[in-house]
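Colleague: Take a look at the letters that make up each chain.
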Amino acid sequence: MKPPSAGSAQAAALRRIGLGGITGNPIAFLVVLGMMALLLAVPLTHNGYIEIVFRNILMYAAMAYGWNLIGGYTGYVSFGNVTFFGIGAYCSAVLAMRGVDNLFAYVALAMVVCALFAAIVGLPVLRLRGHYFGIATLGIALAVADIVANLDALGGTSGIALHQVDEAHFSVYYYAMWLVALGSMLGTYFIARSKLGYAFVAIRENEDAAAVLGISATRYKVTAWAISAMMAGAAGAIFAPANGFIDPSITFAVDSNVFPIVMTILGGIGTVAGPFIGALLLAGANELLQRSFVKAHTLFFGAMIVLIVLLLPRGLVWLFGLRGGVRTWVKSLSAFKA
Amino acid sequence: MHLLAQDLVNGILAGGILAVVALGFSLVWGIMNIINLAHGAFIMLGAYATYQLFTSWHIDPFLTIPISFVLLFTLGYLIQRFVINWVARAPVLTTFLLTFGLALLVVNIALFVWTGDTRGVSPSYAGANFSVGGVTVPWVKLFTLLAALLITGLMHLWLTRSKTGRAIRATAMDIGAAQLSGVRVTQIYAIVFGLGTGLAGVAGTLLSMSYAINPNMGDPFLIKGFVVCVLGGLGSVQGALIGGLAYGIVEAFATQLDVTIGTQHISGSGLQDAIALVVLLIVLIVRPRGIMGKAIA
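Keeping their order, the protein sequence lines are chains X and G. Residues in the first sequence are numbered consecutively from 42, following my numbering. Residues in the second sequence are numbered consecutively from 2, following my numbering.
Honestly, the hints are just simulated from the structure, not real lab data. Be aware that one or more of the hints could be misleading.
[As the list claims (entries may be wrong)] Covered, in the sense of this in silico footprint (three residues per stretch, anywhere, with C-beta under 8 Å from a C-beta of chain G), are these stretches of chain X: (1) 168-179; (2) 292-306.
[Stated by the list, open to error] Using C-beta positions, here's what the derived DEER-type ranges look like: (3) G:R120 / X:A344: 47 to 53 Å; (4) X:L157 / G:W58: 57 to 63 Å; (5) X:G285 / G:A6: 26 to 32 Å; (6) G:T137 / X:V253: 56 to 62 Å; (7) G:P92 / X:A252: 36 to 42 Å; (8) X:A250 / G:R288: 21 to 27 Å; (9) X:V253 / G:L158: 40 to 46 Å; (10) X:S333 / G:T187: 18 to 24 Å.
A quick note: this is a predicted structure, and the numbers were derived from the prediction, not measured. C-beta atoms are modelled at their ideal positions from N, C-alpha and C, and glycine is treated no differently.
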């Protein structure tokens, strides 16, 4: 066995390869912006199935951006962001039950309610650090889902039917979701470059040092979580009418909780391009595998995740910053070896 | 009154299993800093191991505890040695993602081998119970609790007294210092992960006698194990036990709660998880490092 000091210095150097600035690699960001522009053309195919697939990708992307802000930039790993997606969906449902039929109103109400909920719950919960915050947020997610399932006013377990999904206006939901995803992406980009973003990263790297430098950690953490909640809430607010029906098991699904986290890490955590790339790859691959292998698709999906983590532990975005080609990549494979 | 006593007993009986569920999860997390999302899948494998041994060779489920431990320990040891070890020192979320993928793989392989049908392990004494002062106690659950206590005790002794156990705790405290003292970290990591999966296997065996067995049976226990291990304090054996019992009791009492707000009636049994989790939140806010956790430095 090599002496630990030499090995770890080399490993530490390898770990630093290919990391961009605070927004991640700029080329990756441009590529992702280009892909977003292309996605605007999806409804032109007039294929309902394709539109739903890509709408789901955009939905997951918005949720992943939300998670990235609190989990990736601020370093507070939330296992409860699905709560905001669910609250957003129920905001739309409540408005729809009262006869309001306006997507802007749905999204606006969802964002306000989610931000308020995140701020109120965040004040005590964001005092917890690391794993304890994660568990507390998981608790909130499960508890809110349980409570909604028991409230008759919100339809209980049988859910709420909003309306018949209208063929003629079907693409409206797609464009709305596209806007939410784009807004989340650009929001992340501009927040990351602002004082806010640097405060988030300072808290992630060393909260005590950040506090000594005069960053009010609690205020910034609550802000990060509230913005994060608004992104997930907006996605939920559009999902509800687009789907036409919601119930607790759809809106507070474990998948919707874990997928955005997995997508962000797979794409590249703490970068602007990462969540979108992760969402596109994961949701896309899941759909393709589902079509090609009726029985074994989840098996291949699991194998794909394992392989990507082993081959690209930094996330896919890391490839954009790789200099020195295959040799550097092969060397970097053992960077995290125990 | 005896209703409350029954709840208390039910809670303690359920809490014993939860302690074993959380123990392996807690060790892997506390010592290796890996949140093992495949823990639920390993619990499921343990339950199927018992199911196979019981239906094919008629081995008493309680006697399959060591077999399922050894099988799952070997599996975990190999997985750590040849897969997870490549990213063992990566940020915690990288291994989080890796174990998520592993969980999907294991669950779906189980779906191919055993299909999605629900199965059960019911030895001849499955329905037997006894009563003390109006409180009913099923024998299976009592023995399960005793087995859980025994395993937790053995784990504690082994970690504090044996040479390997001390090396494991040293690695958790300061990996560099442990290496300098001649601890082979790769080997220790593989043993700890093996222990984690082995204990998951034992938990699966214990659960197989009171719960339905299917490839997805581990999911709720993964979440409960997650909660219990933080409730008790990460990487602590006593913490897992106390956290498990506390969670079990709170959950059992929650079923008795009935709330009526206006015309809205909410029964406690529907809110069991929510109430347990609200208690968890309060505990965390009052004691941010868990019941048995160390004070914040």
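Colleague: Each hint: holds or not?
Modeller: To see whether the hints hold, each was checked on the structure:
With a threshold of 8 Å between beta carbons, the proposed coverage of the stretch 168-179 of chain X by chain G holds, since 8 of its residues qualify and at least three are required. With a threshold of 8 Å between beta carbons, the proposed coverage of the stretch 292-306 of chain X by chain G holds, since 5 of its residues qualify and at least three are required. Judged by the Cβ atoms, the range 47 to 53 Å given for R120 of chain G and A344 of chain X is violated: they are separated by roughly 26 Å. A beta carbon spacing of about 60 Å between L157 of chain X and W58 of chain G agrees with the range 57 to 63 Å that was offered as a hint.
One distance hint, 26 to 32 Å for the beta-carbon pair G285 of chain X and A6 of chain G, is violated here, with the actual separation near 49 Å. Separation of T137 of chain G from V253 of chain X is about 59 Å and conforms to the stated range, judged on CB atoms against 56 to 62 Å. A hinted range of 36 to 42 Å is violated for the C-beta pair P92 of chain G and A252 of chain X, which are about 22 Å apart. A hinted range of 21 to 27 Å holds for the C-beta pair A250 of chain X and R288 of chain G, which are about 25 Å apart.
A C-beta distance of roughly 44 Å is found between V253 of chain X and L158 of chain G, which places it inside the suggested range of 40 to 46 Å. For S333 of chain X and T187 of chain G, the Cβ-Cβ distance of about 38 Å falls outside the hinted range of 18 to 24 Å, so the restraint is violated.
Hints 3, 5, 7 and 10 from the list above are not met by this structure, while the remaining hints are.
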